[in-house]
Amino acid sequence: MSWALPLPVAVPLIAAALLVMGGAVLPRPVQDAIAIAAAATATAFALVILAASERHDVLHWFGGWHPHGGIALGISFTVDPLGAGMAALACGLDLIALVYSWTFMRRQSQTFNVLMLTLGGAMAGFALTGDIFNMFVWFELTGVSAYALAGFMVEDLGPLQGAINFAVTNTVGAYIVLMGIALLYARTDALNLAQVGRTLEHRPADRLVIVAFALIATGLMVRAAIVPFHFWLADAHAASPVPVCTLLSGAVVTLGIFFITRVYWTAFAGPLHMHEDGVRDVLVTLGVLTALLGAVVCMLQRHVKRLLAYSTISQAGLMLFGVALLDPRSLAGVAALVLAHGLLKGGLFLVCGIILVELRDIDELRLHGAGRRLHGTAVLWLLGSIGLVGIPPVGIFLGRQLLGEGASEQGFAWLAAIGAIASGICAGAMLRAGARIFLGWGAKEDDLLSPEPDEQTLEHHVSVRLMAAVAGVVIVLGLAASLVPGLEARTQLAAERFADTSAYRAAVLHGAAHGDAAAHLSFSFLTVDTASALYGVAALAIAAATAAFGLWHRRLPEGFRRLGSRVLWPPVTVVRNAHSGIVGDYLLWLSAGAVAVAAVWALTL
Amino acid sequence: MTILVYAVVAWVFAIGIYGAIISRNLIHLALCLTVTQSSTYILLLALGYKHGARAPIFKDVKLGTAAVDPVVQSLTLTDVVVSVTVIALVLALALDVHRQSGSIDPDDINTLNG
Numbered sequence: 001m002s003w004a005l006p007l008p009v010a011v012p013l014i015a016a017a018l019l020v021m022g023g024a025v026l027p028r029p030v031q032d033a034i035a036i037a038a039a040a041t042a043t044a045f046a047l048v049i050l051a052a053s054e055r056h057d058v059l060h061w062f063g064g065w066h067p068h069g070g071i072a073l074g075i076s077f078t079v080d081p082l083g084a085g086m087a088a089l090a091c092g093l094d095l096i097a098l099v100y101s102w103t104f105m106r107r108q109s110q111t112f113n114v115l116m117l118t119l120g121g122a123m124a125g126f127a128l129t130g131d132i133f134n135m136f137v138w139f140e141l142t143g144v145s146a147y148a149l150a151g152f153m154v155e156d157l158g159p160l161q162g163a164i165n166f167a168v169t170n171t172v173g174a175y176i177v178l179m180g181i182a183l184l185y186a187r188t189d190a191l192n193l194a195q196v197g198r199t200l201e202h203r204p205a206d207r208l209v210i211v212a213f214a215l216i217a218t219g220l221m222v223r224a225a226i227v228p229f230h231f232w233l234a235d236a237h238a239a240s241p242v243p244v245c246t247l248l249s250g251a252v253v254t255l256g257i258f259f260i261t262r263v264y265w266t267a268f269a270g271p272l273h274m275h276e277d278g279v280r281d282v283l284v285t286l287g288v289l290t291a292l293l294g295a296v297v298c299m300l301q302r303h304v305k306r307l308l309a310y311s312t313i314s315q316a317g318l319m320l321f322g323v324a325l326l327d328p329r330s331l332a333g334v335a336a337l338v339l340a341h342g343l344l345k346g347g348l349f350l351v352c353g354i355i356l357v358e359l360r361d362i363d364e365l366r367l368h369g370a371g372r373r374l375h376g377t378a379v380l381w382l383l384g385s386i387g388l389v390g391i392p393p394v395g396i397f398l399g400r401q402l403l404g405e406g407a408s409e410q411g412f413a414w415l416a417a418i419g420a421i422a423s424g425i426c427a428g429a430m431l432r433a434g435a436r437i438f439l440g441w442g443a444k445e446d447d448l449l450s451p452e453p454d455e456q457t458l459e460h461h462v463s464v465r466l467m468a469a470v471a472g473v474v475i476v477l478g479l480a481a482s483l484v485p486g487l488e489a490r491t492q493l494a495a496e497r498f499a500d501t502s503a504y505r506a507a508v509l510h511g512a513a514h515g516d517a518a519a520h521l522s523f524s525f526l527t528v529d530t531a532s533a534l535y536g537v538a539a540l541a542i543a544a545a546t547a548a549f550g551l552w553h554r555r556l557p558e559g560f561r562r563l564g565s566r567v568l569w570p571p572v573t574v575v576r577n578a579h580s581g582i583v584g585d586y587l588l589w590l591s592a593g594a595v596a597v598a599a600v601w602a603l604t605l
Numbered sequence: 001m002t003i004l005v006y007a008v009v010a011w012v013f014a015i016g017i018y019g020a021i022i023s024r025n026l027i028h029l030a031l032c033l034t035v036t037q038s039s040t041y042i043l044l045l046a047l048g049y050k051h052g053a054r055a056p057i058f059k060d061v062k063l064g065t066a067a068v069d070p071v072v073q074s075l076t077l078t079d080v081v082v083s084v085t086v087i088a089l090v091l092a093l094a095l096d097v098h099r100q101s102g103s104i105d106p107d108d109i110n111t112l113n114g
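Same order as they appear, the protein sequences are chains H and G. Using the working numbering, you'd call the opening residue of the first sequence number 1 and step up by one each time. Using the working numbering, you'd call the opening residue of the second sequence number 1 and step up by one each time.
Chain H with its partners taken away, still in its complex shape:
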């Protein structure tokens, strides 16, 4: 199987190069077909690799530089089921976005296809690599193609501003990661993650190692859109074409979370073992802050793409605190959450594209009642929003259940409640937007919501049927993600292997394959536990309440409203002003946050 590992990266990158070369001579349908075929091939290989990795870790040493006597000099792709699953999700979303764009992105389709393929290949490399400097290269390549895609509509200022904010903040994040990698190399003389982990294993964590971890983690948190590093995300989403939003929310952000986890378990779990509590406290705090702040700001948006973007931030917070619990069960929950959220959120962005084409706008208030005739689109929107509530047994439910179980085992049972509240508020905001647009419910004006400029639509000859079909498939897959028989057991087994660092090292450095790990897996159906079911129902109630409040808060009694606005308005204004859209402000938050995280860890661990 080893030979197949580079293919999910190589196929899209080679196809991208071919499209650049042949762009002038090949007719447009041929170019589109090549792009879609390449993305489909990459997805197929990623799925094959996923199936193979369920038995044992799969490795590929580039140029045949195998480790010798337990010392790794070469660069490897090291793949376990979570990495392969991440690669499959990224490639799959890339494929879906390309099919969707067949009619949606006609102008400049050559450049668009090339950038989408580059982004897809880079994301697969990010997910598969087992070398920390190689990771940095994929981090930058993912970034650079995503920046270009975010600024794709260069005729408008909004996309340009979104792309610049995205590029500048993430580039600084990359430099912070690189600093951390350099310090780590200085301490260990190694770049292969297994080798780094082996060298650090039995040493106590000194300041250098702690600072290296802090730098790598904060740099990756910029990509993962964790408060206070999250500002770029909403700007980039608001301005990007919708297929790009699908990739940004579905895979680019979650890859940041994925690699924080990867680096922690493979390299730092040994030296930081004594300091688990300190690491956990900081990351859980940031995760909770992100989940709640993202949810609150999500509720204040009227630009629907921006609303979805803040809900992605909120979900990234959930994922971060799941990872931060540092136990396999929560990690399995995060994996299930990443899958279901990626598909559902991706699907909702694709529905936004349909709204843009049909109604020529994406602003909830301006579109009040305008979508009454779009029944199919309304159903898709409803299904996607319901999937993100996390009611049993669909959508993100499995992820939240595993996460909640893991959290209560670790003594953080309240995190399950935070998860339900955050998901509920975000889904409520989506339901509110849907009710306004498709049903014409609620007030036509709402001074709570941030004002937004117009957004131009791009195409005139699009096939809405194709777009709706693609969006429908993705949303149904996302809803079904919790129901797949055996997925619960599989993610748990995968997470246990992910956290089993010594087996990982043995596999990488000594080629020791542990026995067939997947042999005793059974196709069991999802078991819903009562507490998680109650949290799911509570999240639905919160969603309904949020939606109703958003639609009809003017009907509340006058005195109650005045009191509410006096108490809530000042903090809301502060939060809103912080999201200024000015890149300098974002960098200030970023550097303050990075210094704070590094200082807390350096002083307390």
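Just so you know, these hints were derived from the structure itself, not from any lab. Worth double-checking, as some hints may not be accurate.
To be clear about the criterion: a stretch of chain G counts as covered by chain H if any three or more of its residues have a C-beta under 8 Å from a C-beta of chain H, and this derived list gives those stretches [what the hints assert, rightly or not]: (1) 19-32; (2) 38-52; (3) 71-77; (4) 84-97; (5) 101-111.
Heads up, the beta-carbon is just placed ideally off N, CA and C, and yes, glycines get one too.
Based on these hints, arrange chain G on the given structure of chain H.
What follows is chain G alone, placed relative to chain H:
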């Protein structure tokens, strides 16, 4: 000596970020990013430096001759290549911003607040 190197790295990184934070000009901003990035070169090269060692070219050299670490040098090269694309992209975006709005002040193009 080594403390001095780290101090320089921190200083160069900090002034780069500071310049980017207060920047009122997108081209200036891109250059500030390059300054920030230079700190990573200094750090990488300093980590591989050895007193009295030669460049890592091993043609016609006796085995066992001390050389500086070639790995960090190739990391630096990769870093240069990767980051040049980013800077080029930011500059291209700045050009488009100027074409659209006649200004390259990030504060003037703000359409995305809140």
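Practice task
Return the numbers of the hints above that this structure violates; sort them in rising order.
Solution key: none
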